[in-house]
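**Q** Model the placement of chain A on the given structure of chain D, informed by the hints.
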Amino acid sequence: MQITSPEFKQNARAALADPNLQKALRHVRSNFIDKRAKAAGALPEFEALRDNARDIKNHTLAHLDLYLEAYEDRVRQAGGEVHYAETAETARDIIRSICERAGAKTVTKGKSMIAEEINLNDYLEEHGITPVETDLGEYIIQLRHEPPSHIIAPAVHLTREQVEESFRKSHTDLAPDRDLTEPTELLAEARAKLRERFLAADVGITGANFLVAETGTSVIVTNEGNGDLTQILPRVHIVIASIEKITPTLNDVSQIMRLLARSATGQDMSVYTTFSTGPRRPEDPDGPDEYHVVILDNGRTGMLGSDFQEALRCIRCGACMNHCPVYHAIGGHAYGWVYPGPIGAVLDPQLIGVDKAGNLPNASTFCGRCEAVCPMRIPLPNMMRHWREREFERHLSPAVARYGIGFWAFFARRPRLYQWATRLAMRVLANRAIGKGRYTSLPLAGGWTKYRDFPAPEGRTFQEQWSARRKAS
Amino acid sequence: MADDKARRPKVGLFVTCLVDLFRPTVGFAAVKLIEASGCDVEVPAAQTCCGQPAYNSGDTADTRAIAESVIAAFESYDYVVAPSGSCGGMLKIHYPSLFNDDPAWKSRAEVFSAKVHELVSFLTDVRGMKGVDARFPKTVTYHDSCAGLRELGIRDQPRTLLASVEGLELKELNGANVCCGFGGTFCVKYADISNAIVSEKTKEIAASGAETLLAGDMGCLMNMAGKLQREKRPVSVRHVAEVLADMTGDVPPIGETTSD
Chain D
1 MQITSPEFKQ NARAALADPN LQKALRHVRS NFIDKRAKAA GALPEFEALR
51 DNARDIKNHT LAHLDLYLEA YEDRVRQAGG EVHYAETAET ARDIIRSICE
101 RAGAKTVTKG KSMIAEEINL NDYLEEHGIT PVETDLGEYI IQLRHEPPSH
151 IIAPAVHLTR EQVEESFRKS HTDLAPDRDL TEPTELLAEA RAKLRERFLA
201 ADVGITGANF LVAETGTSVI VTNEGNGDLT QILPRVHIVI ASIEKITPTL
251 NDVSQIMRLL ARSATGQDMS VYTTFSTGPR RPEDPDGPDE YHVVILDNGR
301 TGMLGSDFQE ALRCIRCGAC MNHCPVYHAI GGHAYGWVYP GPIGAVLDPQ
351 LIGVDKAGNL PNASTFCGRC EAVCPMRIPL PNMMRHWRER EFERHLSPAV
401 ARYGIGFWAF FARRPRLYQW ATRLAMRVLA NRAIGKGRYT SLPLAGGWTK
451 YRDFPAPEGR TFQEQWSARR KAS
Chain A
1001 MADDKARRPK VGLFVTCLVD LFRPTVGFAA VKLIEASGCD VEVPAAQTCC
1051 GQPAYNSGDT ADTRAIAESV IAAFESYDYV VAPSGSCGGM LKIHYPSLFN
1101 DDPAWKSRAE VFSAKVHELV SFLTDVRGMK GVDARFPKTV TYHDSCAGLR
1151 ELGIRDQPRT LLASVEGLEL KELNGANVCC GFGGTFCVKY ADISNAIVSE
1201 KTKEIAASGA ETLLAGDMGC LMNMAGKLQR EKRPVSVRHV AEVLADMTGD
1251 VPPIGETTSD
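Each protein sequence line maps, in turn, to chains D and A.
FYI, my numbering numbers position 41 of the first sequence as 41, with every residue one higher than the one before it.
FYI, my numbering numbers position 66 of the second sequence as 1066, with every residue one higher than the one before it.
Isolated chain D (complex conformation):
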């Protein structure tokens, strides 16, 4: 997708002024949070599972090379092929050549954020291959030519009315009197359309929630079953996943899986959990003739051994954005690239450059709710702060902010000077607000007083009063 992260502030302003978006975002606030809390609360070992999951991934990342090799061996043994792609471009080329060899005209797709990351749909279309999104949310935004705004609920930025409107516009055979007021009706309509496409597809592309080193298996979790049809019906199945999806054993996967749906949607398990190992064997009733796995790096190895390594534990559940006050206010598109919310604020600067995504780690109050709910215990606020440090070191933060901090720090590092200066300043601020108690506008504080009054200080600083009392006693 096109990067608009440098325009984050404008994006945010537009998002705040968009009544449909604001209406749709209420759903995030009211829905995900309570459900997750209930699901987590109902499982006594939930916190212990989080510790375990963190440890499993830490171990995996420490030995990632070994597990990748083991995984590759197992995939080959099962008759599949593994392709490594260092960049998005390489990944696209690999996928295109597989599609071309298969003579593919239509490609069905299960939900994949990696496909978004490498801009796969546009690329396939440019090369005469029609990609068809089969996840309902992805299908909706494909109709609207929009990128996803959430990593598990791609169309969460839309109201039901907007979806109905898109369906009526695109499904030209739809009877005008067909009732689409119920979401289940929308689903039935999308299913009917998709059924034909599933049968016509030559290649199916899915993401993966896990790649299991022990068995060479790719695992997907979905709620609609579309992933299964995508990977079973076509002649060729391509899995596209990033390096950190590697998980050592099935036992590890089953532990982390207990956190995934609970953290994401508050379900104990998602409706479908599908394990695929290699192409169809002679005794299998169904399955593809070819099975390919494209493993994408795209800058992730640069996170290993850095301040950002722990972000590679992420299992893409979306809990961080579901609990983020900033995401609640502006939605996902304003972040301007594939991954929104707190995890995006950590990943995007790595993947597209902190010079472009610099606003993202700054646009956080550090309220810490993301870290509090992250099933993998990723210290998201600390990592956003590390990006701010990089920006400060590289002089990427705005000059006004840098000078402001420098000016303030000059005083903050000199207590006597600080106390003398603040004593004067507070006296002036207090005197000018006599009879009012607050300011409705204040020079240099426009960001504050545009929206709120500014409380006036009492007058004499605590330090001034304290030292006066000490002297008197």
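Quick caveat, the hints were computed from the structure, so don't treat them as lab data.
Please read these numbers as outputs of a predicted model, since none were measured by experiment.
Just to be clear, a hint being listed does not mean it is correct.
[Unchecked claim] Below are the SDA-like pairs computed for lysine to any residue, each with C-alpha atoms no more than 25 Å apart in a straight line:
#  : chain 1 : residue 1 : chain 2 : residue 2
1  : A       : Lys-1010  : D       : Arg-470
2  : D       : Lys-436   : A       : Lys-1010
3  : A       : Lys-1203  : D       : Pro-19
4  : A       : Lys-1232  : D       : Gln-22
5  : D       : Lys-169   : D       : Thr-181
6  : A       : Lys-1106  : D       : Gln-22
7  : D       : Lys-450   : A       : Lys-1203
8  : A       : Lys-1189  : D       : Thr-181
9  : D       : Lys-9     : A       : Asp-1192
10 : D       : Lys-169   : D       : Asp-268
11 : A       : Lys-1189  : D       : Val-400
12 : A       : Lys-1189  : D       : Glu-371
13 : D       : Lys-169   : D       : Ala-24
14 : D       : Lys-23    : A       : Ser-1199
15 : A       : Lys-1106  : D       : Pro-415
16 : A       : Lys-1189  : D       : Gln-162
17 : D       : Lys-23    : D       : Gln-162
18 : A       : Lys-1203  : D       : Arg-13
19 : A       : Lys-1189  : D       : Ala-17
20 : A       : Lys-1189  : D       : Asp-355
**A** Using the frame of chain D, we list chain A on its own:
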């Protein structure tokens, strides 16, 4: 008596910059409460701010310099207490991580960090205070500030002490654990987003039906007070320590000129 006196722990009060500059009454309330819990209080003059504005702007050099001077000024006390969960969290949780590449300072920071407490949790958890001698005949609601809640685990402590205040009725705030949108420099750097967040908060505050909003952090309080007043909502705002120390008569609510 002299022996008794000798056994009283010595507390260094970390005033916090916002209390020092904007709301000194909170500092005096903290002194009164800490003394009532059986400690002696001193206020080292060599303190300004905990360093969060620099820390959260990525300016590590200034942050470390400030942290070193705070540690040096306070490490001789039995306890270091701050009337703020945010500054308390900075001193307790974040200071040690500033010195990962400096073992000498790291261990000083860790010894220091172990002594740091936020005011209300210090009173209840460390000093075993069960109630206070105060009167505030009003309905109040309480906002859990993020750092206090999630970094320091402060939730029940203020409610326990507020329950002992004569005449006070607590009405729980829907979404009390949701950020108010302050976020330090965030509120001016991303003023539009901050405004959207605080507007949700003031809606909930008004819906609680409380006459007074309380919290334990001046930043959040100034943000919410400023928004409530801009929206002309008839809710007064105070730091929880003012109520617990029975000092609400000493100063009008935040941003107001007449007593509540």
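**Q** Now, for every hint given, state plainly whether the structure supports it.
**A** Hint check results:
1. A:Lys-1010 to D:Arg-470: Within the cut-off at roughly 17 Å; holds.
2. D:Lys-436 to A:Lys-1010: Violated, at about 39 Å.
3. A:Lys-1203 to D:Pro-19: holds (18 Å)
4. A:Lys-1232 to D:Gln-22: holds (24 Å)
5. D:Lys-169 to D:Thr-181: holds (16 Å)
6. A:Lys-1106 to D:Gln-22: Violated, at roughly 46 Å.
7. D:Lys-450 to A:Lys-1203: Holds. Lys-450 of chain D to Lys-1203 of chain A sits at ~18 Å (cutoff 25 Å).
8. A:Lys-1189 to D:Thr-181: violated (41 Å)
9. D:Lys-9 to A:Asp-1192: holds (9 Å)
10. D:Lys-169 to D:Asp-268: The given pair, whose Cα atoms are some 37 Å apart, is violated under the 25 Å limit.
11. A:Lys-1189 to D:Val-400: Distance of about 11 Å is within 25 Å: holds.
12. A:Lys-1189 to D:Glu-371: holds (23 Å)
13. D:Lys-169 to D:Ala-24: holds (21 Å)
14. D:Lys-23 to A:Ser-1199: holds (15 Å)
15. A:Lys-1106 to D:Pro-415: holds (23 Å)
16. A:Lys-1189 to D:Gln-162: violated (33 Å)
17. D:Lys-23 to D:Gln-162: holds (11 Å)
18. A:Lys-1203 to D:Arg-13: Holds, because 21 Å separates the two Cα atoms, which is no more than 25 Å.
19. A:Lys-1189 to D:Ala-17: Since the Cα atoms of Lys-1189 of chain A and Ala-17 of chain D sit roughly 18 Å apart, the hinted pair holds (cutoff 25 Å).
20. A:Lys-1189 to D:Asp-355: Within the cut-off at roughly 17 Å; holds.
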